[in-house]
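Undergrad: Based on the provided sequences and hints, a complete structural model is requested.
So the protein sequences, as listed, match chains L and P. So the first sequence is numbered by our numbering: it starts at 1 and just counts up by one. So the second sequence is numbered by our numbering: it starts at 1 and just counts up by one.
Wrong hints could be hidden among the right ones.
To be verified - Derived DSSO-like pairs: lysine-lysine, alpha-carbon spacing no greater than 30 Å straight-line:
| # | chain 1 | residue 1 | chain 2 | residue 2 |
| --- | --- | --- | --- | --- |
| 1 | P | 157 | L | 105 |
| 2 | P | 44 | L | 282 |
| 3 | P | 282 | P | 354 |
| 4 | L | 111 | P | 58 |
| 5 | L | 44 | P | 58 |
| 6 | P | 105 | L | 206 |
| 7 | P | 90 | P | 212 |
| 8 | P | 157 | P | 282 |
| 9 | P | 206 | P | 58 |
Honestly, the hints are just simulated from the structure, not real lab data.
Number of protein chains: 2
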Amino acid sequence: MTKVHNYSAGPCILPQEVLKQASEAVINFNNLNLSILEISHRSKDFIEVMDNAIALVKELLNVPSGYSVLFLQGGASLGFYISAINVMKKDGKGAYLDTGVWSAKAIKEAKRLGSVEVIASSKDKNYNSIPKSFEVPGDADYLHYTSNNTIYGTQFKTVPQSSIPLICDMSSDIFSKEIDVSKYDMIYAGAQKNMGPAGTTLYIVKDELLGKTGRDIPSMLDLQVHIEKESMFNTPPVYPIYVSMLNLQWLKKNGGVKWIEGINNQKAELLYAEIDRNPLFKGIVEKEDRSNMNVTFVLTDESKSEAFDAAWKAANISGIKGHRSAGGYRASMYNALPLESVQALVDVMQAFEKTNG
Amino acid sequence: MTKVHNYSAGPCILPQEVLKQASEAVINFNNLNLSILEISHRSKDFIEVMDNAIALVKELLNVPSGYSVLFLQGGASLGFYISAINVMKKDGKGAYLDTGVWSAKAIKEAKRLGSVEVIASSKDKNYNSIPKSFEVPGDADYLHYTSNNTIYGTQFKTVPQSSIPLICDMSSDIFSKEIDVSKYDMIYAGAQKNMGPAGTTLYIVKDELLGKTGRDIPSMLDLQVHIEKESMFNTPPVYPIYVSMLNLQWLKKNGGVKWIEGINNQKAELLYAEIDRNPLFKGIVEKEDRSNMNVTFVLTDESKSEAFDAAWKAANISGIKGHRSAGGYRASMYNALPLESVQALVDVMQAFEKTNG
Ligand SMILES: Cc1ncc(COP(=O)(O)O)c(C=O)c1O
Ligand SMILES: Cc1ncc(COP(=O)(O)O)c(C=O)c1O
Ligand SMILES: [Mg+2]
Ligand SMILES: [Mg+2]
Ligand SMILES: [Mg+2]
Ligand SMILES: [Mg+2]
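TA: Dropping the structure here:
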């Protein structure tokens with residue numbers, strides 16, 4: 001097979017060996033002579049998958065005791081509402097940092113439930129940076145932020161200081177670098193970047209955060225219900241959880257989050273260095289806020305875009321067209337994207353400079 | 001491989017040829033040299049999958065114009081709440097038929113939103129039958145029922161007469177027999193019986209039913225939002241939808257819902273005839289309400305259960321232990337379960353009669 005350099009922004013590249021195991025289990029899972037797709041979620045074999053997946057999250061991220069790990073459905077988009085309804089008190093308030101499209105959507109869903117205070121926003125600069133100075137209101141029930149802004153290519157390099165419970169949508173950088181879970185009260189993330197395929201959503205939640213809103217919460221949106229039922233209140237998304245488990249096993253076997261963080265740093269340095277060096281390209285976000293996951297850039301001369309597009313396509317690179325809200329290019333470099341794929345893109349940029357510079 | 005007779009109640013057996021295609025696509029989808037798990041849901045190739053899946057539902061069930069078909073997340077359990085919040089007016093009312101655990105759960109979630117009238121229930125008879133006489137209140141916003149009661153093994157043989165909009169949880173018998181969609185205003189169903197693997201939920205909804213509640217509905221629970229975005233408001237559960245599409249292609253190729261209905265009738269007749277004939281077994285629900293999908297029965301002499309369990313296990317039969325709420329045995333005979341698997345169970349019952357009668 002021709003090697004595709006898969007820069008998809010999510011769902012995104014997964015390790016070949018994970019895909020191989022994932023493919024085999026669709027035919028014969030655990031030597032049961034049954035497919036992973038056709039066994040009961042209450043079978044011993046699937047309960048083991050769920051338990052393993054949860055244990056791997058806890059181990060890889062050093063989740064302290066007092067936190068629960070859940071694999072649910074609905075994507076991070078349902079997480080916007082779930083995080084708010086589980087934590088914002090009746091007549092309470094949520095504080096938000098607005099750093100991109102996803103933050104804005106989280107804000108929109110929270111507003112349905114009560115008062116929302118946007119304490120800082122980079123919207124007026126087309127989200128090209130991370131706000132550094134803001135005051136966290138002591139009377140809000142929580143502070144919510146988006147750790148990595150998938151569309152614009154900015155990333156928090158430090159965890160916001162907060163005296164109130166901290167909630168983070170970590171969809172696009174979870175498992176890409178070490179984090180200190182104890183600083184958070186809730187983390188949620190759609191699986192389809194560094195965890196696995198689309199179809200499940202991870203929640204890491206401090207148990208004592210919950211049950212304090214005075215709200216009546218629908219069962220499927222109630223994190224306490226899911227904690228009590230160990231993510232089996234209803235039929236879980238079996239296959240997305242299974243493949244996430246395989247992918248987390250792969251991460252652990254290779255050295256865990258610390259190991260991948262080193263590689264992710266190398267990849268980011270390589271590509272950003274070329275963007276800066278090469279007169280034909282420039283980055284679009286503040287350097288100090290650059291994302292290691294989603295590298296956004298533009299041509300200095302837009303009229304060359306057709307030629308550049310032809311060049312990277314010829315090199316079997318896929319998925320670097322920028323999101324429709326941001327334009328330009330976006331190279332998403334999630335965990336499974338190898339350094340050689342980044343080198344392939346850099347090579348294209350350098351060759352392009354020679355012929356079009 | 002030893003053939004397993006897979007009677008799992010859901011997630012459940014899928015056709016071997018579907019599993020084969022599903023397995024291959026995890027390695028190389030559409031000859032893209034990419035896995036179905038690692039492509040963008042906004043790629044041309046996946047949009048085609050989504051479009052095909054929707055078209056197959058429309059074709060197989062003869063969905064009239066004016067209805068939308070959606071593939072969402074959350075399972076039928078989120079469907080309990082979604083159906084109510086999208087249709088029950090503020091200060092309105094929902095009418096419910098209570099025919100089992102799943103109906104009761106639907107009722108519980110609807111009560112969070114307003115008034116609920118349970119117009120008939122078979123609960124006092126441990127849900128062993130389908131209520132036949134009930135009056136549908138003209139002032140309710142809708143009537144909700146569960147077409148097939150997966151746990152107890154009862155099934156509606158006719159569509160309830162209703163002068164108000166009719167909503168049906170069809171999780172465990174959709175695609176098993178012909179239905180007249182025009183009688184319904186909303187149908188919803190978890191995929192993991194006759195449609196595909198766990199992880200997506202089908203909605204078939206009459207467009208004009210929606211937008212009349214006066215409620216503010218969270219985006220991810222708002223069927224109008226999903227209709228407008230063609231099930232792509234957020235990242236859909238790519239693989240469960242893909243495998244559902246393959247499975248619906250399989251159904252169409254073989255003759256569609258009419259074809260499978262004939263086979264399902266044969267399977268049900270074979271097993272119920274043996275239950276009735278064999279003095280060691282008896283059914284637990286009213287004969288006229290017996291489900292063609294989930295056949296529940298008990299031993300006439302419970303002390304023989306250990307011996308019977310050993311006998312069916314020895315015959316490579318799996319998954320016929322009854323649900324914890326109902327006890328006894330439950331043979332789930334979804335579309336992909338072949339007649340020969342039913343014959344294998346009947347053979348075990350007959351041999352058991354010879355040795356233990
Ligand atoms: C940071 C972030 N939050 C939320 C979402 C929405 O996730 P989902 O599509 O799973 O609802 C995305 C999707 O890319 C994202 O990148
Ligand atoms: C009739 C019926 N409704 C609802 C459900 C719940 O579905 P889910 O687990 O997808 O939420 C089931 C599950 O078996 C069912 O059989
Ligand atoms: Mg963004
Ligand atoms: Mg430059
Ligand atoms: Mg039931
Ligand atoms: Mg009998």
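Undergrad: State for each hint whether it applies.
TA: To see whether the hints hold, each was checked on the structure:
Of the pairs offered as hints, the one joining residue 157 of chain P and residue 105 of chain L is violated, with about 45 Å between alpha carbons and a cut-off of 30 Å exceeded. Of the supplied pair hints, the one linking residue 44 of chain P and residue 282 of chain L holds, its CA atoms being roughly 29 Å apart against a limit of 30 Å. For the hint pairing residue 282 of chain P with residue 354 of chain P, the CA-to-CA distance comes to about 17 Å; that is within 30 Å, so the pair holds. Between the alpha carbons of residue 111 of chain L and residue 58 of chain P the distance comes to roughly 36 Å, so the proposed pair goes past 30 Å and is violated.
Only pairs whose Cα atoms come within 30 Å are accepted, and residue 44 of chain L paired with residue 58 of chain P is rejected, the gap being roughly 37 Å. Distance hint between residue 105 of chain P and residue 206 of chain L is fulfilled; the C-alpha atoms sit about 28 Å from each other, no more than 30 Å. Of the supplied pair hints, the one linking residue 90 of chain P and residue 212 of chain P holds, its CA atoms being roughly 9 Å apart against a limit of 30 Å. Distance hint between residue 157 of chain P and residue 282 of chain P is fulfilled; the C-alpha atoms sit about 21 Å from each other, no more than 30 Å.
Of the supplied pair hints, the one linking residue 206 of chain P and residue 58 of chain P holds, its CA atoms being roughly 13 Å apart against a limit of 30 Å.
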